[in-house]
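Model the full assembly from the supplied sequences, consistent with the hints where possible.
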Amino acid sequence: MELAEQIKQDIETAPIILYMKGTKAMPMCGFSNAVVQVLNQYGVEYRDVDVLADPEIRVRLSEFSNWPTIPQLFVNGELIGGADIVVELHEKEELLPILEKAVVSTA
Amino acid sequence: MTVHDSTALSTTARLLQDRITTALVPTVLEIEDESHLHKGHLHGAKLQEAQGGGHFSVTIVSAKFEGLPLVQRHRVVYTAVGDLMGGKVHALSMKTLTPEESEQLSL
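One line per chain: the protein sequences are A and B, in this order. Note that this note's numbering gives residue 101 to position 101 of the first sequence, counting from 1, and the numbers run on in steps of one. Note that this note's numbering gives residue 80 to position 80 of the second sequence, counting from 1, and the numbers run on in steps of one.
Note that these hints are calculated values from the structure, not bench results. Check each hint, because a few of them may be wrong.
To be verified - Computed spacing ranges between beta-carbons, pair by pair: (1) B/Q104 with A/E5: 43 to 49 Å; (2) B/T79 with A/E12: 23 to 29 Å; (3) B/T27 with A/L96: 30 to 36 Å; (4) B/L68 with A/L96: 18 to 24 Å; (5) A/L96 with B/Q72: 18 to 24 Å; (6) A/Q9 with B/T27: 42 to 48 Å.
Note that the coordinates shown come from a computational prediction; the quantities given were computed from them, not determined experimentally. Even glycine gets a Cβ: it sits at the ideal position worked out from N, Cα and C.
Written out as structure tokens, the structure reads:
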């Protein structure tokens, strides 16, 4: 499968997927780490994709999402945002309802 | 309009200022060059050497954000900033507020 096709499929099928630098076990960038730390607080299951594994992932991802930076968090196929937005939604207590939607849809 | 920077605005910060001002007509625009905070940052350091991409943090208060969710607000800013992203700007942290939200915060 072409990489662009793979990315589209992953985003559309994974309830929660995070494109990041590094892995959730070892984030390689402060912005990616910020999102991992927030998600960890909710204890939700999510898929992580390391964009550093292949430079083309980043290019194809940004083409698909029309979003220039990493990390990018998707829930139910929808872009929630990058680190600023995830942290801001978390602080406003608006993130949990979004994550719960994903958990419910897979239950 | 206020622009905060420890020294004179860098060329890149001024470009950011121009583009954001033109697109969003903000009532408040604060730009901080945070590149110095990321000097020990692996990819940051590499990018700085390769293309001088800096880390910036902006706070924008604009009526144009009214009715837009955070993702859309950030998209509008990324569009305004255009090709600076990935070039002169490596990372852009954003706080995007409507005039009304800004008033509530400064109570």
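Go through the numbered hints given earlier and state which of them the structure violates, listing their numbers in rising order.
-> none
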